[in-house]
Amino acid sequence: MTPKPIRTVSTVIRHTSEPIPGIRVMVLQDEDGWELPPFRPGAHIDIHLEKRLVRTYSLCNAPHENDRYVIAVKREEMGRGGSIFVHDRLAVGQHLQVSLPRGGMEVDPQEMNIFIAGGIGITPFCSVIRDMEYRGLANYRLYWSSNGPACLPEMIQPAVDAGRVDIVNTLTAPIPDISEQLARHENGIRAFCCGPAPMLDAFDKAVSDWPEERFHVERFTPVRIASDPNAKPFTLVLARSGRQQVVEPGDSIVEALIDMDADISFSCEGGICGLCRTRWIEGPPVHNDRILTAEERAQDVMICVAGCKGPRLVIDA
Amino acid sequence: MTIRETLETLTDATWSGVVCHLHKTPRAFLPMKNFETLQLVAGRGIEGDRYMIGNEAGFYSHKPEDGRQVTLFEIEALEAIRRDYGIEIAPIEHRRNVTVRGVPLNHLVFKKFWLGECLLEATRLSTPCKHIEEILGKPVFDPMVHRSGLNCRILQGGTVKVGDTVRPV
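Which chain is which? The protein sequence lines are A and B, in order.
Just so we're aligned, residue 1 is where the first sequence starts under the UniProt record's numbering, counting upward by one.
Just so we're aligned, residue 1 is where the second sequence starts under the UniProt record's numbering, counting upward by one.
In short, the hints are calculated from the structure, not lab data.
Owing to the predicted nature of the structure, the values given are computational and were not obtained by experimental measurement.
You may find that some hints are simply not true.
[Said to hold, decoys possible] Listed below are several chain A residues computed to face chain B (Cβ distance under 10 Å; list not exhaustive):
id : residue
1  : Asp32
2  : Arg40
3  : Val237
4  : Ile291
[What the hints assert, rightly or not] Taking lysine-lysine and the DSS-like style, the derived pairs with C-alpha atoms no more than 30 Å apart in a straight line are:
id : chain 1 : residue 1 : chain 2 : residue 2
5  : A       : Lys232    : A       : Lys309
6  : A       : Lys205    : A       : Lys51
7  : B       : Lys112    : A       : Lys51
8  : B       : Lys33     : B       : Lys161
9  : A       : Lys51     : B       : Lys161
10 : B       : Lys33     : B       : Lys112
[As the list claims (entries may be wrong)] Some chain B residues judged to face chain A by a derived CB distance under 10 Å, without partners named:
id : residue
11 : Arg27
12 : Ala28
13 : Pro31
14 : Gly54
15 : Asn55
16 : Gly58
17 : Glu134
18 : Ile135
19 : Gly137
Virtual Cβ for every residue (Gly too), placed ideally from N, Cα, C.
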């Protein structure tokens with residue numbers, strides 16, 4: 001049998017813990033403790049749990065802790081199965097295939113950085129804050145709302161001890177007003193948000209007139225694509241192989257790509273993780289992702305959620 | 001006469017180079033690390049490297065290649081890329097095993113030469129790949145075209161050390 005190309009980083013689960021019920025922290029390392037591929041603060045990786053079950057999680061450790069990837073996963077009983085697999089089926093010593101890290105957050109080295117987290121949405125900020133503390137940067141504040149006790153404060157203990165973190169338990173206190181939190185700081189701040197959908201919506205509203213480069217939203221749940229009653233079928237064409245297939249309205253474009261053996265990897269299948277980013281040649285596509293800028297969309301598409309305005313969507317695959 | 005025969009009969013110019021850095025990594029995607037010495041095994045590869053024949057774990061291991069037992073890269077190419085493109089590539093980042101200075105790698109295809117106490121035979125020029133851009137997060141593909149190093153077979157193994165001389169047979 002022809003060997004398959006290696007497309008992922010091979011890791012071993014070295015340690016797991018459950019600091020509070022329902023949150024599982026896992027430490028992944030190379031089998032020999034070799035350094036892992038580097039990452040930026042706030043980056044995430046895809047974890048290949050089993051065939052067609054790939055999930056994206058933020059890295060919680062700082063980039064200089066380069067012999068490990070630390071993730072924290074909240075058990076979501078009503079989720080799509082990834083978190084339950086992580087909680088119930090993974091054990092120390094098991095091998096896990098993961099992607100190269102992607103993404104990250106660019107903090108402002110001079111101005112104030114405001115991090116707004118909701119619950120398990122703290123995870124991308126763990127690596128950002130650990131990195132800033134490591135580099136001696138104190139120009140940030142974390143506003144962390146949690147529906148109950150905060151889940152991973154020990155991961156950012158130096159920041160908590162230094163008084164740079166405001167934690168609100170929304171079981172006992174009102175949900176904070178994000179606009180008011182941002183207004184506490186001078187103009188020129190850079191703001192970041194990760195949390196549940198209502199929090200992200202409130203954040204979007206609060207920064208709606210800000211320049212794009214001054215804010216960043218990290219999403220954990222795939223965007224829900226509104227069904228378009230006027231959608232028409234289109235032909236999806238793989239430019240490199242010439243293979244093509246008609247995608248009917250309501251059909252899964254991911255299924256079509258798998259049928260055509262497209263050399264594209266998928267993870268979230270919801271337009272948020274960035275793994276399936278592909279160059280488009282003819283279209284134009286209907287962009288349903290939540291991460292590409294207008295400039296990026298002029299050449300690339302998150303194909304897992306894409307549609308097409310014309311009769312043919314030709315992609316560089 | 002074929003190109004290969006022509007190249008094999010050319011008289012080597014007088015050149016002498018030096019081993020500047022040595023690198024290996026055990027598995028695909030993992031960062032390369034610097035070493036003071038590498039152990040080369042004739043006909044197989046570098047002990048502990050991802051392309052060691054019989055223990056393949058590299059990005060291209062699904063495409064077996066007898067002539068990829070050790071790879072070399074010119075430090076002058078890194079300097080040229082910095083000069084021409086303003087891109088810094090550290091020796092540890094080009095993902096070849098040996099960084100040399102003063103060795104005309106592009107002229108050594110099909111030739112034998114000494115790497116310290118090891119005898120190598122150059123099999124082909126290395127080609128850059130998009131994979132390295134993914135790993136480094138730097139746009140190095142175009143800058144590395146035609147100066148991406150040399151693939152070699154190990155005819156005589158041994159220990160290669162930083163500072164060793166590289167010379168024609």
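Tested hints:
no., hint, in the structure
1, Asp32, "holds (6 Å)"
2, Arg40, "holds (8 Å)"
3, Val237, "violated (21 Å)"
4, Ile291, "violated (17 Å)"
5, Lys232(A) <-> Lys309(A), "holds (8 Å)"
6, Lys205(A) <-> Lys51(A), "violated (38 Å)"
7, Lys112(B) <-> Lys51(A), "violated (46 Å)"
8, Lys33(B) <-> Lys161(B), "holds (15 Å)"
9, Lys51(A) <-> Lys161(B), "violated (44 Å)"
10, Lys33(B) <-> Lys112(B), "holds (27 Å)"
11, Arg27, "holds (6 Å)"
12, Ala28, "holds (4 Å)"
13, Pro31, "holds (5 Å)"
14, Gly54, "violated (13 Å)"
15, Asn55, "violated (13 Å)"
16, Gly58, "holds (7 Å)"
17, Glu134, "holds (6 Å)"
18, Ile135, "holds (6 Å)"
19, Gly137, "holds (8 Å)"
Hints 3, 4, 6, 7, 9, 14 and 15, counting from the list given before, are not met by this structure.
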